[in-house]
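Could you put the whole structure together from the sequences, leaning on the hints where they help?
What follows is the residue order along each chain.
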Amino acid sequence: MNLLDRSRTVAAPGYNRWLVPPAALAVHLSIGQVYAFSVFKNPLLDRFGTSHTSIAVIFSIAIVMLGLSAAFGGTWMERNGPRKAMALSATFWVSGFLIAALGVSLGQLWIVYLGYGVVGGIGLGIGYISPVSTLIKWFPDRPGLATGLAIMGFGGGAMVASPLTARLLEAYAPDPADAIVPTMLTLAAIYAVLMTAGASVIRVPAPGWLPAGYVPRQKKGAMQSLADVRVAKAVRTPQFYLLWIVLFTNVTAGIGILEQASPMIQDFFSTVTPASAAGFVGLLSLANMAGRFGWSTFSDRLGRKPTYVMYLGLGALLYGSLALFGASASVALFVTITFVIVSFYGGGFATVPAYLKDLFGSLEVGAIHGRLLTAWSAAGVAGPLIVNAIADARSAQGVTGADLYLPSLVVMSCVLAVGFLANLAVRPVHARYHEAPAAATTTPTTAPTTAPTTPSELVAAGAKES
Amino acid sequence: MTTTETVLDREVAEVPAAVAAAVPAVPAPGASRITSLAVGLWVVVGGLLAYGVLQTVIKASALFG
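Going down the list, the sequences are from chains P and E. Each residue of the first sequence is one higher than the last, beginning at 1 in the numbering used here. Each residue of the second sequence is one higher than the last, beginning at 467 in the numbering used here.
Read the hints as simulated data drawn from the structure, not as lab findings. Warning: the hint list may mix true and false statements.
Claimed, not checked - Capping the alpha-carbon separation at 25 angstroms, the derived lysine to any residue pairs in SDA-like fashion look like this:
id	chain 1	residue 1	chain 2	residue 2
1	P	233	P	436
2	P	305	P	294
3	P	233	P	79
4	P	233	P	437
5	P	41	P	111
6	P	41	P	261
7	P	41	E	524
8	P	41	E	521
9	P	41	P	173
10	P	41	E	529
11	P	41	P	275
12	P	41	E	515
13	P	233	P	374
14	P	41	E	523
15	P	41	P	64
16	P	41	E	519
17	P	305	P	362
18	P	41	E	528
19	P	233	P	207
20	P	41	P	61
21	P	41	E	517
22	P	305	P	418
23	P	41	P	276
24	P	305	P	380
25	P	41	E	520
26	P	305	P	424
27	P	305	P	237
Stated by the list, open to error - The following label-pair restraints were derived from C-beta to C-beta distances:
id	chain 1	residue 1	chain 2	residue 2	range
28	P	397	E	512	48 to 54 angstroms
29	P	210	E	501	19 to 25 angstroms
30	E	530	P	397	30 to 36 angstroms
31	P	210	E	524	39 to 45 angstroms
32	P	196	E	512	14 to 20 angstroms
33	P	332	E	524	16 to 22 angstroms
34	P	241	E	501	38 to 44 angstroms
35	P	389	E	530	29 to 35 angstroms
36	E	501	P	196	16 to 22 angstroms
Unchecked claim - To list a few chain P residues with every Cβ distance to chain E over 10 angstroms, as calculated:
id	residue
37	5
38	45
39	53
40	91
Note that CB positions come from ideal geometry on N, CA and C, so glycine has one too.
Put into structure tokens, the structure is as follows:
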């Protein structure tokens, strides 16, 4: 039997579910490096002697491929299980670094596009969704905590990779441009080990498993359903598209701050130095990560829909207040408001899989989440385009200081208001989309004989635990 | 009851809950190894996260310096 098969990852009875999150974190910490790609920007500019846009395209391709691979690979992942998906993700992600290093070595930028952008981007998408649905299945009583744990790792990955990459670039050569190849090879080796360890440790619960003492209950009229909806039906529901809008607006608005954080605070306050502005960017990274875990966990108590009412409604008001009073506010107030906005951005990312679980059940939540991540790709392209186009137009008009950003802030406030309305329109999924209970208890595995559904098979699955 | 059910399935299904709960007490082969690996991975990812947070806090402190 193949070591990567789903059946080899079914946990033995009594398996401690708290042994599963480090597997998810190992993968997300690795692929989260993509948000630290900017550390390579200047060395790549020196190496290729090209424009900023040509280098920025590498990141954009990776994010677009993330959405596409998550969308198309989600169903495959649900069929084949998280270990095979994590192994595939590790293969693509590490190969992406190796191919990109080859491109840098040969001086061919298109090979870097192909490597880090296309191949690495596929690894990003598969790796992003693979542990999330597994954790949701282990924590049906606290799905917000589960998704927050995993997706926090993605935010943390950039925090680890950014200083690590900077140190490697310094250590390997006096000129960072000459250190790109060994730095990429070192990162590839680290991520290969970390992701392989994650794939080894990952376990899925046996079908029908529930935490001790947990009894699923459905309140009348609640958003949460105990029924399951398959991905093919989920994408035909209005709820899926409403959540797509919610995620798109949340990401677009978050990028509105993150894209221009450093110049923005310096233009708002003449007393802020470039070094302090770099500190502000660091603080926003902390807000992003803290929001992923904190707000997502909080959503288990508050409920998913009210949590998004807070993210989008309060977020729109905070953006509006920055536009109206940001220039006259103190630095401390400005920093506090932006901290909360970015924490909502991170929270929106981490809470959406739990929202999907509430609406569509956990049967194919990974595949549905994958389809929804196309909203991230779209926002990753639209967000910077909107923000930079407005800033460029204002700059061309000779506008300076805080006024440069006012239209952007107003637009982002309106974008969040659209998401707010979309969230308000979300209703429980109609019963006609639900799977029949018998079908919903089995996983869509290609090897049905290995899926333990009876006591004897469960005993056998336990014996296979290794 | 489906045709794929065995005598064992019927017998196990009829075992009192208290007895059935005792079944998982027998550890599966390799269970301790995977537990050790998972705990070790907790330490590694926790250390990496702590490193990342510490580096970012140091960077962020420049805002207040």
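The hints, checked one at a time:
Annotation: proposed proximity of residue 233(P) to residue 436(P) holds, straight-line Cα distance about 13 angstroms (limit 25 angstroms). Restraint check: the Cα-Cα separation between residue 305(P) and residue 294(P) comes to about 16 angstroms, which is no more than 25 angstroms; the hinted pair holds. This hinted pair checks out: residue 233(P) and residue 79(P) have alpha carbons roughly 16 angstroms apart, not beyond 25 angstroms. Of the supplied pair hints, the one linking residue 233(P) and residue 437(P) holds, its CA atoms being roughly 15 angstroms apart against a limit of 25 angstroms.
At most 25 angstroms may separate the alpha-carbon atoms for a hinted pair to count; residue 41(P) and residue 111(P) meet this at roughly 16 angstroms. With a CA separation close to 17 angstroms, the supplied pair residue 41(P) and residue 261(P) stays within the 25 angstroms bound. A distance of roughly 22 angstroms separates the Cα atoms of residue 41(P) and residue 524(E); the hinted pair therefore holds under the 25 angstroms criterion. Taking the CA atoms of residue 41(P) and residue 521(E), the gap is about 20 angstroms. The hint holds against a cut of 25 angstroms.
Between residue 41(P) and residue 173(P) the alpha-carbon distance is near 16 angstroms, which keeps this suggested pair within the 25 angstroms criterion. Restraint check for residue 41(P) and residue 529(E): the C-alpha separation of about 24 angstroms stays at or below 25 angstroms, so the hint holds. With a C-alpha separation of about 19 angstroms, the suggested pairing of residue 41(P) with residue 275(P) holds against the 25 angstroms cut-off. The straight-line distance between the Cα atoms of residue 41(P) and residue 515(E) is roughly 24 angstroms, inside the 25 angstroms bound, and the hint therefore holds.
For the proposed pair residue 233(P) and residue 374(P), the alpha carbon gap of about 17 angstroms is at most 25 angstroms, so the pair holds. Distance hint between residue 41(P) and residue 523(E) is fulfilled; the C-alpha atoms sit about 23 angstroms from each other, no more than 25 angstroms. The straight-line distance between the Cα atoms of residue 41(P) and residue 64(P) is roughly 19 angstroms, inside the 25 angstroms bound, and the hint therefore holds. The hinted pair formed by residue 41(P) and residue 519(E) meets the criterion: a straight-line CA distance of about 22 angstroms does not exceed 25 angstroms.
A hinted pair counts as satisfied when its Cα atoms are at most 25 angstroms apart, and residue 305(P) with residue 362(P) qualifies at roughly 18 angstroms. The straight-line distance between the Cα atoms of residue 41(P) and residue 528(E) is roughly 23 angstroms, inside the 25 angstroms bound, and the hint therefore holds. This hinted pair checks out: residue 233(P) and residue 207(P) have alpha carbons roughly 22 angstroms apart, not beyond 25 angstroms. With a C-alpha separation of about 15 angstroms, the suggested pair residue 41(P) and residue 61(P) falls inside the 25 angstroms cut-off, and the hint holds.
Restraint check for residue 41(P) and residue 517(E): the C-alpha separation of about 23 angstroms stays at or below 25 angstroms, so the hint holds. At most 25 angstroms may separate the alpha-carbon atoms for a hinted pair to count; residue 305(P) and residue 418(P) meet this at roughly 15 angstroms. Between residue 41(P) and residue 276(P), the direct Cα distance comes to roughly 21 angstroms. Compliance with the 25 angstroms bound is thereby established for this hinted pair. Taking the CA atoms of residue 305(P) and residue 380(P), the gap is about 24 angstroms. The hint holds against a cut of 25 angstroms.
Between the alpha carbons of residue 41(P) and residue 520(E) the distance comes to roughly 23 angstroms, so the proposed pair stays at or under 25 angstroms and holds. A threshold of 25 angstroms between alpha carbons decides the hint, and for residue 305(P) with residue 424(P) the separation of about 8 angstroms falls inside it, so the pair holds. With a C-alpha separation of about 17 angstroms, the suggested pairing of residue 305(P) with residue 237(P) holds against the 25 angstroms cut-off. Hint check: residue 397(P) to residue 512(E), Cβ distance near 50 angstroms, so the stated range 48 to 54 angstroms holds.
For residue 210(P) and residue 501(E), the hinted distance range of 19 to 25 angstroms is satisfied, since their beta carbons lie about 21 angstroms from each other. Range check, residue 530(E) to residue 397(P): Cβ separation about 34 angstroms, and the 30 to 36 angstroms hint holds. The supplied range of 39 to 45 angstroms is met by residue 210(P) and residue 524(E), whose beta-carbon atoms lie about 43 angstroms from each other. The hinted window of 14 to 20 angstroms between residue 196(P) and residue 512(E) holds, with their beta carbons roughly 18 angstroms apart.
Between residue 332(P) and residue 524(E) the CB atoms are about 20 angstroms apart, so this pair conforms to the stated range of 16 to 22 angstroms. Taking the beta carbon of each, residue 241(P) and residue 501(E) are about 43 angstroms apart, inside 38 to 44 angstroms as hinted. Between residue 389(P) and residue 530(E) the beta carbon distance is about 33 angstroms. The supplied range of 29 to 35 angstroms therefore holds. A beta carbon spacing of about 18 angstroms between residue 501(E) and residue 196(P) agrees with the range 16 to 22 angstroms that was offered as a hint.
A cut-off of 10 angstroms between C-beta atoms confirms that residue 5(P) is not in contact with chain E; the least separation is 16 angstroms. Once the 10 angstroms rule is applied to beta carbons, residue 45(P) is consistent with being away from chain E; the minimum gap is 22 angstroms. Every beta carbon of chain E lies more than 10 angstroms from that of residue 53(P), the smallest distance being close to 27 angstroms; the non-interface claim holds. Every beta carbon of chain E lies more than 10 angstroms from that of residue 91(P), the smallest distance being close to 19 angstroms; the non-interface claim holds.
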